[in-house]
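Listed below, chain by chain, are the residues.
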Amino acid sequence: MTAAGGGGVQGNQEWVTFGQVDGAELVRLVGEIDLANAAELGREIAARTRSARAVLVDLSTVSFLDSAGVRLLDELVGELDERDTPIRFVVGGSGAVRMALRLCAFREELLTDDVATAANAVRG
Amino acid sequence: MSDPTTGLPGTPLPDPTESFQVPWDDDAEDLYQQAPCGYLSTLPDGTIVKVNQTFLNWTGFERSALVGRQRLRDLLTAGGRIYHETHYAPLLRMQDEVHEVAFDVVRADGRRLPTLVNSVLSRDAEGRPRVIRTTIFDATERRGYERELLVARRAAEASERRVSALQGIVAELAAAPTEAGVAAAVVRAPGTVFGAADSRIWLVDADRELLVAAGAGVDGGGEEISLARAEGLAEVARVGQVRVIVPSADARLRFPELADTVIRDDDRTVLLIPLTAVTGSHTGETVLGVLAFGLTDRPPLEDQPRPGGEPAGQPGFTGGELDVARLLGHQAGQALHRARLYDDARRREARATFLAETTRVLDETLRLAPRARLLVSRLVPDIAGWAAVQLLVGPSGLYVEDGSPAPDPRGLADRVAAVVAAGGGTSLTDDGPDADVAVLALAVRGRVLGTLALRLRPGGRTALAEAVFLSELADRAGLALENARLYEQERAIAQTLQRSLLAGDLPADPRFAVETHYQPGTADLEVGGDWYDAFLVAGDKLAVVIGDVVGRGIDAAATMGQLRSAIRALAAAEAGPARLLERLDLFVDRVETARMATVAYGEITLSTSELTYACAGHPPPLVHEPGQSPRYLWGGRSAPLGSRAGRAARDEHRTTLAPGSRLLLYTDGLIERRDRSLDDGFAVLAEQFAARRGAPLPGLAAELATDLVGPEHRDDVCLLCVAMGTEDTLERQIGADPLHIALLRKDLRGWLVSHSVDEQIRQAVLLACSEAVTNSIEHGYRGDPYGVVTLTARVSGDGIEVRVNDRGIWRPADVATVRGRGLRLIRELMDEVTIEHDAGTTVVMRRGWRARPEVESTALGDGDGGR
Numbered sequence: 001m002t003a004a005g006g007g008g009v010q011g012n013q014e015w016v017t018f019g020q021v022d023g024a025e026l027v028r029l030v031g032e033i034d035l036a037n038a039a040e041l042g043r044e045i046a047a048r049t050r051s052a053r054a055v056l057v058d059l060s061t062v063s064f065l066d067s068a069g070v071r072l073l074d075e076l077v078g079e080l081d082e083r084d085t086p087i088r089f090v091v092g093g094s095g096a097v098r099m100a101l102r103l104c105a106f107r108e109e110l111l112t113d114d115v116a117t118a119a120n121a122v123r124g
Numbered sequence: 001m002s003d004p005t006t007g008l009p010g011t012p013l014p015d016p017t018e019s020f021q022v023p024w025d026d027d028a029e030d031l032y033q034q035a036p037c038g039y040l041s042t043l044p045d046g047t048i049v050k051v052n053q054t055f056l057n058w059t060g061f062e063r064s065a066l067v068g069r070q071r072l073r074d075l076l077t078a079g080g081r082i083y084h085e086t087h088y089a090p091l092l093r094m095q096d097e098v099h100e101v102a103f104d105v106v107r108a109d110g111r112r113l114p115t116l117v118n119s120v121l122s123r124d125a126e127g128r129p130r131v132i133r134t135t136i137f138d139a140t141e142r143r144g145y146e147r148e149l150l151v152a153r154r155a156a157e158a159s160e161r162r163v164s165a166l167q168g169i170v171a172e173l174a175a176a177p178t179e180a181g182v183a184a185a186v187v188r189a190p191g192t193v194f195g196a197a198d199s200r201i202w203l204v205d206a207d208r209e210l211l212v213a214a215g216a217g218v219d220g221g222g223e224e225i226s227l228a229r230a231e232g233l234a235e236v237a238r239v240g241q242v243r244v245i246v247p248s249a250d251a252r253l254r255f256p257e258l259a260d261t262v263i264r265d266d267d268r269t270v271l272l273i274p275l276t277a278v279t280g281s282h283t284g285e286t287v288l289g290v291l292a293f294g295l296t297d298r299p300p301l302e303d304q305p306r307p308g309g310e311p312a313g314q315p316g317f318t319g320g321e322l323d324v325a326r327l328l329g330h331q332a333g334q335a336l337h338r339a340r341l342y343d344d345a346r347r348r349e350a351r352a353t354f355l356a357e358t359t360r361v362l363d364e365t366l367r368l369a370p371r372a373r374l375l376v377s378r379l380v381p382d383i384a385g386w387a388a389v390q391l392l393v394g395p396s397g398l399y400v401e402d403g404s405p406a407p408d409p410r411g412l413a414d415r416v417a418a419v420v421a422a423g424g425g426t427s428l429t430d431d432g433p434d435a436d437v438a439v440l441a442l443a444v445r446g447r448v449l450g451t452l453a454l455r456l457r458p459g460g461r462t463a464l465a466e467a468v469f470l471s472e473l474a475d476r477a478g479l480a481l482e483n484a485r486l487y488e489q490e491r492a493i494a495q496t497l498q499r500s501l502l503a504g505d506l507p508a509d510p511r512f513a514v515e516t517h518y519q520p521g522t523a524d525l526e527v528g529g530d531w532y533d534a535f536l537v538a539g540d541k542l543a544v545v546i547g548d549v550v551g552r553g554i555d556a557a558a559t560m561g562q563l564r565s566a567i568r569a570l571a572a573a574e575a576g577p578a579r580l581l582e583r584l585d586l587f588v589d590r591v592e593t594a595r596m597a598t599v600a601y602g603e604i605t606l607s608t609s610e611l612t613y614a615c616a617g618h619p620p621p622l623v624h625e626p627g628q629s630p631r632y633l634w635g636g637r638s639a640p641l642g643s644r645a646g647r648a649a650r651d652e653h654r655t656t657l658a659p660g661s662r663l664l665l666y667t668d669g670l671i672e673r674r675d676r677s678l679d680d681g682f683a684v685l686a687e688q689f690a691a692r693r694g695a696p697l698p699g700l701a702a703e704l705a706t707d708l709v710g711p712e713h714r715d716d717v718c719l720l721c722v723a724m725g726t727e728d729t730l731e732r733q734i735g736a737d738p739l740h741i742a743l744l745r746k747d748l749r750g751w752l753v754s755h756s757v758d759e760q761i762r763q764a765v766l767l768a769c770s771e772a773v774t775n776s777i778e779h780g781y782r783g784d785p786y787g788v789v790t791l792t793a794r795v796s797g798d799g800i801e802v803r804v805n806d807r808g809i810w811r812p813a814d815v816a817t818v819r820g821r822g823l824r825l826i827r828e829l830m831d832e833v834t835i836e837h838d839a840g841t842t843v844v845m846r847r848g849w850r851a852r853p854e855v856e857s858t859a860l861g862d863g864d865g866g867r
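So the sequences go chain by chain: F and H.
For the first sequence, the residue numbers in the working numbering are 1 to 124.
For the second sequence, the residue numbers in the working numbering are 1 to 867.
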């Protein structure tokens, strides 16, 4: 896995970095995602994943996710589903993100525990 | 010498007596007829009876036309006849003779013959008048001489009048101390001396090569004429010669500068007089000004009498008048020169006073920007119409300007850059549009700090003329500003040092909360040596410190840092406050700048909430326990650190802090105010501290500082407040801005942690509150940035209750759509959710302590959720 470049919002504070894992686009989100930064993150992620073969979104270091953040992920899934691009979310076994996604009834198969599992799931 | 023999020596000369014989026939008749005077014999009634040939020759009359036909009086002019009637005839009858009576005889051709007449009346035996014998002398020559005498006398009288008037003027000039006074006196002179109606004076401004109108009725900014002009005033000023402008139709066109002032009419004769003086600045005379005036009714030169010895005049003016004019010009010039010297001396004195005063005034403020502003305000408007100080300090420099009009910015920037690049010096003028703007380097010890640019006061002297003054001004200003810059630099270092020392991490622990505030003294003071500190000792003890080092500035800040480190190093679990102060006394013996510093030091044993404290000359800590009045901790007192006069033994005191107590440490700046006694200060602080018992800890210290000393205060203020246990109620207000939600979550998370709320409930409450606040911002206020969202969270034995209030708009339709989505999530997360509509919308959420099985799934929204 190589971490390449990275966009960001809010000055030096980088909420998102991008990389590649086995030909899949890896989107790594950090910190708290809420109304304040969700829209900006959504635009940035959409731009990077438009032509991806598969997308992995690593949420394991996200400490807070509100409904605006859930909506952002939900829209991303919708767009990729339309293009038949596989997507997986990497979430911890518990924590704020899993709670928020569970509450919003994200399909269990979209949620994985680690990047390797997720990469396997979207391979070929 | 036609006869070569007459001049030869040896030739005898004829004896004059021998050959003395009248060479003509000297008969009486011939003598009478050809006498060198006229003879008239007349009857007592004046009828001419006999007349000699000489008289006939003179008068051109035939003898036959006179004898028996005319009387003497018939030959006289009208005036002569009257005189004959009233004086001559009566005198002759009374005295029998009349001598040297002046009569003008009218000759045959009508011309007049001036004569002097002597008459003798002879009488007969009975005394009756018989015949009058009259001799008549040609008085042409003599009368001419007399007339000349008369003219000369008149000229002398006029000249005397002029000289006398001139003397008056000279006296006036001598009494006028200033150039303006001299000009006013000079401009009055032509009226007194020549009877001129209009007169004007122009003074030479050698620096600017101009003639400037001055004198009565002309203010400082008089009309200006270039000295380079070819004709008229400028020419007179250059050449230094009196010039007469004779009346002519085009005079006003040729001399426009004089057209409306002294020429006025076509028949005016105008005299231009240079005002000259020997100034010593160079050889010969210097022209300091020009006086001009016009006169009407001046006859052309050729018609004026020219008495002998009178110097040559010019058209319209006699030589004597011109002499007086030149004299006037010279006297006025000398007076001007003297006045200028006097003016110069006064100006130099005023400049010296100004410079000294400026240095003194600038010293009154220490900081750079105020000093630069002060400098500019000193210059405008007394010295300059516009002035700007530009300093090469900091990342963006410092620029201060005042007055108007400001010069072209690009031109100014070029000149400033040139002066800076040259490493100093001045640019006194420029050939651009802002020639009257001078740019001076502000340099100290060869280093250019910046520039002072100024546009000299209009109508005043030029920068070139003021070069010495401006250079000295730049020197002084440069030094004053450099000192301020150094002060500023030291202040910045001290502040950085102080802030870096104060910024150390304060311990975060659910068992207590620490709030600090540092408020620097008013802008012009250096940083003080106040500090606060809090750290954990061996895990179970919280050490709290507040102290104050004597003095200000970088030394005080550095000393404060040393003491702070020393206390951290010396604090040990087993030592205690008194022992620590004793060790600090030893430390102070080696760090002299720390002597007499005051310190309040306390250790709180967190398991027992017991406070042990000691105060080394420091104001007593203030403690406020729930349900009680605040009290000052007056125990454990001893002298400041290293005090030689104070009590050497260090004392400490113990007290127990009830749960929920607040402890306040502070420096004396908080309670000392000039308009309040110290006792009142203590009382007010206790009162304010108690009044905020229910207020959240964050912001409390800053509010106390504001209330007790206000934002403008001389002294530094340092506060440290410890709250034992945590707040039962968390109350926060945020602006309706999505960026603030994260900050609110941070406080809420900390508060939940401090109440040992388990992670599952913590996450649920955080998300639920976040959604409620998001709803308020996004839908209640709909992006109105002035909206305020209030969150109140309270813990109780049963669980947590959170209220989120906004004053925005509630739309029932929202429930089903967007606003409802967040609401649904909240309902999933919390046990009980109610919505109150009362002055806005309040979402009230409750969550019990009992754990519940992890949420499996729920619907996110109506149609687009649930993937």
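If you're looking for bench data, these hints aren't it; they were derived computationally from the structure.
We put the CB at the ideal spot given by N, CA and C, even for glycine.
You may find that some hints are simply not true.
Unchecked claim - Counterexamples of contact, computed for chain H against chain F with all Cβ distances above 12 Å:
(1) D382
(2) L412
(3) P738
Unchecked claim - With the C-beta cut set under 10 Å, the calculated list includes, among others, these residues of chain F facing chain H:
(4) F18
(5) V30
(6) N37
(7) G42
(8) G95
(9) A96
(10) A100
(11) L103
(12) C104
(13) D113
(14) V115
(15) A116
(16) A119
(17) N120
So, going through the hints one by one against the coordinates:
1. D382: 49 Å, holds
2. L412: 37 Å, holds
3. P738: Its Cβ does come within 12 Å of chain F, the nearest being 4 Å, so this is violated.
4. F18: 23 Å, violated
5. V30: Hint violated; V30 (chain F) Cβ to chain H Cβ min 13 Å, cut 10 Å.
6. N37: Status holds, d = 8 Å.
7. G42: Since chain H brings no Cβ nearer than about 14 Å to G42 (chain F), farther than 10 Å, the hint is violated.
8. G95: 7 Å, holds
9. A96: With a closest approach of 5 Å, the A96 (chain F) hint holds.
10. A100: 6 Å, holds
11. L103: The hint holds - L103 (chain F) has a Cβ within 10 Å of chain H, the shortest such distance being about 5 Å.
12. C104: Since the shortest Cβ distance to chain H is 4 Å, the answer is holds.
13. D113: 16 Å, violated
14. V115: 22 Å, violated
15. A116: 24 Å, violated
16. A119: 21 Å, violated
17. N120: 21 Å, violated
In summary, the numbered hints that this structure violates are 3, 4, 5, 7, 13, 14, 15, 16 and 17.
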